[in-house]
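Engineer: Sequence:
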Amino acid sequence: MREQMSSFDIARMVRDIDAVSGARCKKMYQPHYEQVVLRLNLKGQPNCDLVIVRGKRAYFSRRERPMPLNPPPFAMLLRKHLSNARLLSAKQVGFDRIIVLEFDTKNGRRDLVIEMFRNGNVILLDEGGTIIQPLTHVKYETRTIKRGEIYVAPPPPMDPRLWSESDLLEVLCESEKDLVNTLAGRMSLGSAHAQALCEKANLDPNMPAKSVTDAKDLHLAFQNIVSQITHDGAVAVMKKAIQLSADPQELDAQMEQYCVEVGPVTLSNVKDTIVFESLSQAIDAWKGGYDASALARREAEKLAEITAPGQRDSEGERLARREGQQVAAVEKLTEKGREKQEIGKLIQENWTHVETLIRQVTESVEENGWDDTRKAIKSINWIESADPSARTIRARLPDDKGDPGQIVELYLDETVHQNAQRYFNKGRKDKQRAEGAKNALEETLRKQKKVEKKRAKDEAAGRVSISKRTKKFWFEASRWTMLSSGQLLIGGRDARGNDRIVKKHLSASDLYFHADLHGAPSCSLKLKDGFEIDEYPNPNIPEGVPSYKITQSLDNDDHSETVLKEAAQMAVCWSRAWASGGSGATAFHAEKGQVSKTTESGESLGRGGFVVRGTRHWYKDIEMNLTLGMIAINGIPLPLIGTHSVVSSICQRWVKLTPGNQKKEVVATRISKATGLLQDDVLSALPPGTISIGEDLGIFS
741 MREQMSSFDI
751 ARMVRDIDAV
761 SGARCKKMYQ
771 PHYEQVVLRL
781 NLKGQPNCDL
791 VIVRGKRAYF
801 SRRERPMPLN
811 PPPFAMLLRK
821 HLSNARLLSA
831 KQVGFDRIIV
841 LEFDTKNGRR
851 DLVIEMFRNG
861 NVILLDEGGT
871 IIQPLTHVKY
881 ETRTIKRGEI
891 YVAPPPPMDP
901 RLWSESDLLE
911 VLCESEKDLV
921 NTLAGRMSLG
931 SAHAQALCEK
941 ANLDPNMPAK
951 SVTDAKDLHL
961 AFQNIVSQIT
971 HDGAVAVMKK
981 AIQLSADPQE
991 LDAQMEQYCV
1001 EVGPVTLSNV
1011 KDTIVFESLS
1021 QAIDAWKGGY
1031 DASALARREA
1041 EKLAEITAPG
1051 QRDSEGERLA
1061 RREGQQVAAV
1071 EKLTEKGREK
1081 QEIGKLIQEN
1091 WTHVETLIRQ
1101 VTESVEENGW
1111 DDTRKAIKSI
1121 NWIESADPSA
1131 RTIRARLPDD
1141 KGDPGQIVEL
1151 YLDETVHQNA
1161 QRYFNKGRKD
1171 KQRAEGAKNA
1181 LEETLRKQKK
1191 VEKKRAKDEA
1201 AGRVSISKRT
1211 KKFWFEASRW
1221 TMLSSGQLLI
1231 GGRDARGNDR
1241 IVKKHLSASD
1251 LYFHADLHGA
1261 PSCSLKLKDG
1271 FEIDEYPNPN
1281 IPEGVPSYKI
1291 TQSLDNDDHS
1301 ETVLKEAAQM
1311 AVCWSRAWAS
1321 GGSGATAFHA
1331 EKGQVSKTTE
1341 SGESLGRGGF
1351 VVRGTRHWYK
1361 DIEMNLTLGM
1371 IAINGIPLPL
1381 IGTHSVVSSI
1391 CQRWVKLTPG
1401 NQKKEVVATR
1411 ISKATGLLQD
1421 DVLSALPPGT
1431 ISIGEDLGIF
1441 S
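Add 740 to the 1-based position in the sequence shown for this note's numbering, that's all there is to it.
It cannot be assumed that every hint is accurate.
[Said to hold, decoys possible] Quick list of simulated restraints, FRET-style, between CB atoms:
(1) E910 to K979: 19 to 27 angstroms
(2) Q1065 to T1409: 34 to 42 angstroms
(3) H971 to E905: 19 to 27 angstroms
Since the hints were made in silico from the structure, they are not lab data. Note that the structure is a prediction, hence the values are computed from the model and not measured. Yeah, the Cβ is synthetic: ideal placement off N, Cα and C, and Gly gets one too.
Start from the sequences and build out the full structure, keeping to the hints where you can.
Structural biologist: Next comes the structure, spelled out in structure tokens:
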């Protein structure tokens, strides 16, 4: 396997998938439009992901991979049909690059068809073989992949595993390619395994395939490879021998740089190889890091690569695309104009020939009619066809040898000169259009220089480029921050938000924080939810902006004392204590079980209000200051507001904020212009009330 799995790779992978029959399909994800992930619950083992990269590969992996907070429609449909489904079997369709996973669901049998040829597809079928939904709708010459259609597999290819020695020899004799390429393609071996086959048979891999007269040794070597499909183990072919790093990130980089291909068969002729216990392990070591970053890549693709992350088409991208179209248009129109004027010259140079054809066809039409004339034309090499409605013929002009050559359209009611002039006029118009396209191209290039100049200026000033996002992270509906442990703290923005925090986002392991002030936000300190360093950051994020990704599996057993104090400070700063400008505010935290909507008899609570019973843990004399820094979450630049110790340790650029006399809208505008962050994002991060800007490190300076 290089970029795509071969039929041999799929045969081994199907065997490995079938070995876990009985596993439950717990969740389905689609972190990227090209990737579907089935999370399988294996009895007595940790969960395992079946990663399907359409058209390329399918393999098992236990890597941690971020998933989208809002599943795409195809993932939602898979969840509807396959949640908690039991995997019954996996099979390969003939020797084609098609895997069929059979599931037993609450609604009956469901098949998931994974096509690995061309651009690939993932197709969900009902028990009758009707397509419930494909990942991509496709129409081929002999079949249609569309919802509601009966799934039909493509015509099966020849299965080389069943070839006899004479069958193999026949395939070689019919090939126009060299031996190694014939074996790699027709037998689905891949280049490295085809080379190994040639070496075992003592044949020159570069010799013409048709020159092979005895295929006995090749056939025996091939059968030996086939027998290894049922064994365990796999091999990675490397560019050179290397010492693999124990660090996962460095190992991914090594495999990406030095690995050429992986396969299920041991290669004795290749020195620089690495042996793995399974084909999945080999693929995961080579491509797993790239595939695990699918969500970040998808987010990066949504971001503008040049000027506007978060926007699907930036001005720079639009101009670059327009430039390509205009360059192609100039070349095409110039060439068309040249060709048409050349045809006009040819008509003039072959004046007698053209005049004779026009006269003969015109006389035939007048004497015999169009039907008989068109029948007669079929036997004439100089005339391709005739159009009675337009009174034209498609004729050929003589080439340099006097044989039928260039095809031209001739009007029977026009003279030779008029027919030639018509081509001259068309060519002139195309050249004029080419000049117009050149002028438009020059304007596009001028705009590109202007955009590039602005981009360079923003980059030099450390500004990120981002446009308004259509979707936000779930925690952005609330006030949020990251604490020193990476834990997430969220707080309500209003009474409705307070209700949502307690009802939806306060679990048994979380803690409830509240400032000792009426109307203060209810806050939830998450134990497992938070952020960790993104090993595969968005390449469009400028230097100096740290990249983190969302996680739901932080390695925390309890909340540290430092984190508790940080959370208490945030709960106070998010309250109206900030607007009062005072210091020495107080906050407390409590367990989830202490927080309730139930009141004493005769009492009532309004929206956003809660009763806290039992012992509270108090925090007094809390400082009234915050720090705002720049950070990227899942590839999206965002402002991070938090305690000074946390933000200054995470962010290379930050500014300290205290209660003051500047309107926060004014401060948000200043920060937005200085950093490139969205003003709305900055405004929603700032504390309530007026602000004073304090110590600055790289935000304004």
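Engineer: Among the hints numbered above, which are violated by the structure, and what are their numbers in rising order?
Structural biologist: 1
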